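Peer 1: Spelled out from the first residue to the last, the chains are:
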Amino acid sequence: MIEDEQKFITLIKEHQALIHKVCTMYEHDADVRNDLFQEIVLQLWKSFHSFRGEAKITTWMYRIALNTAISGFRKQSRNIKTEDIRQKHFNISDTPNHNEREDDFLRLQWAIRQLPEIERAMIMMALEEVPYDEIADTIGITQNNVRVRMNRIREKIKKLMLT
Amino acid sequence: MELDDLKTIWKSSEGFRPKNEAELTRMLQGHSKSIIYKLKRNVWFEMIFTLLSGAMLLAYTLTLPSGALKWVAMSILIVFSIYTLYYAKKLVLLSTFEIGAENIKTNLEKLIRNLTGYLRFYKRSYTILYPLYFILSLILIAIEQGASGFIDNISKPKTILVLFTLAAVFYFCCTWLVDWLLKRLYGNHLDKMKALLNDIDPSAEIELR
Chain A
9 MIEDEQKFIT LIKEHQALIH KVCTMYEHDA DVRNDLFQEI VLQLWKSFHS
59 FRGEAKITTW MYRIALNTAI SGFRKQSRNI KTEDIRQKHF NISDTPNHNE
109 REDDFLRLQW AIRQLPEIER AMIMMALEEV PYDEIADTIG ITQNNVRVRM
159 NRIREKIKKL MLT
Chain B
112 MELDDLKTIW KSSEGFRPKN EAELTRMLQG HSKSIIYKLK RNVWFEMIFT
162 LLSGAMLLAY TLTLPSGALK WVAMSILIVF SIYTLYYAKK LVLLSTFEIG
212 AENIKTNLEK LIRNLTGYLR FYKRSYTILY PLYFILSLIL IAIEQGASGF
262 IDNISKPKTI LVLFTLAAVF YFCCTWLVDW LLKRLYGNHL DKMKALLNDI
312 DPSAEIELR
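Top line first, the protein sequences correspond to chains A and B. This note's numbering numbers the first residue of the first sequence as 9 and each following residue consecutively. This note's numbering numbers the first residue of the second sequence as 112 and each following residue consecutively.
In case anyone wonders, no lab produced these hints; they're calculated from the structure. Hints are supplied without guarantee of correctness; some may be wrong.
[Claimed, not checked] Derived contacts from chain A toward chain B, CB cut-off under 7 Å, selection only:
hint, residue
1, S55
2, S79
3, I126
4, R162
Everything numeric in this text was worked out from a predicted model, so none of it was measured. Backbone N, C-alpha and C define an ideal beta-carbon position, used for all residues, glycine too.
Kindly generate the complete structure, drawing on both the sequences and the hints.
Peer 2: Structural data, given as structure tokens:
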């Protein structure tokens, strides 16, 4: 059990960027984001014993992380301030040591957050180089549907980033 | 802007503070805030409450002499036993539920079915069982008082009015309270999940209605 736990923690440490990205895309409140991170880790731990390595580790992690963020997690009823993320991010670009690359990233992050939750999951996986057949498997739609929807999502993001 | 350009931008930042081993270990000791965990907690609470109430009612029933009240109490005990079985079955189902075992669409369908079934069970309990118990109580009182005495009593306009008002108030209070509570506890989450499923596959949502 302890050996399993150690193995699991090493795995999470190695791939925690993936969980952080999912949390950032689905929650903008820092406290809720932290709760979501913990929830994803707990759900991964719960499923860890049944993971037989048939799928790629990142595919398995995406499946659980996205399922948790999209449908499994319920926010605590704390007073969450609705913030204008875009304004917040774009204000960062005014700071002197902020570079253009980071600004582009924040702009992209903001644009993704404006998308419906399922589209957010799809574009995130695509940006992480997850193949279309794995995206289709994770969401539960056909590859053709992924292709069609990805074109639409790309157009939406392009428009959002230009506004 | 092509997908490859977006990928380049996406990979340009890894701006997060990585969690260390101690933080991750602490997280594993924490409590889940998942919808399944909350459902399980509520079902446990209801089962314990039903079992305790059942035990108290059983103790009271054993002290009662034979008669209408004893039969009512015994029928309530039977209903409590059915509820307990339902809760036990629900707990087994919820314990085996793994959030990541399926794809997002199937997971949503399962969660919606689970929640809808749970809410339907409550609504049915309150809309069927309470009027049923009201009628059952009247029948048992009729048996206790004897048919003629009961008809004499119940045919008085004042008694009819009191019974009717009581039944209406009791029924509407119960159904309103249950509807409000369930909506508050799970309604919004259920609506959100249905909308998500509809976004993935509009035909899937229709099947679940």
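Peer 1: Holds or violated: the hint that R162 (chain A) contacts chain B, with Cβ atoms closer than 7 Å.
Peer 2: holds, 6 Å
Peer 1: Checking hints one by one. Is S79 (chain A) an interface residue toward chain B, by the C-beta closer than 7 Å rule?
Peer 2: holds, 5 Å
Peer 1: Holds or violated: is the Cβ of I126 (chain A) closer than 7 Å to a Cβ in chain B?
Peer 2: Holds. Min distance 5 Å.
Peer 1: When the nearest CB of chain B is found for S55 (chain A), is that gap smaller than 7 Å?
Peer 2: The hint holds - S55 (chain A) has a Cβ within 7 Å of chain B, the shortest such distance being about 5 Å.
Consistency with the previously given hints is maintained throughout, with no hint failing.
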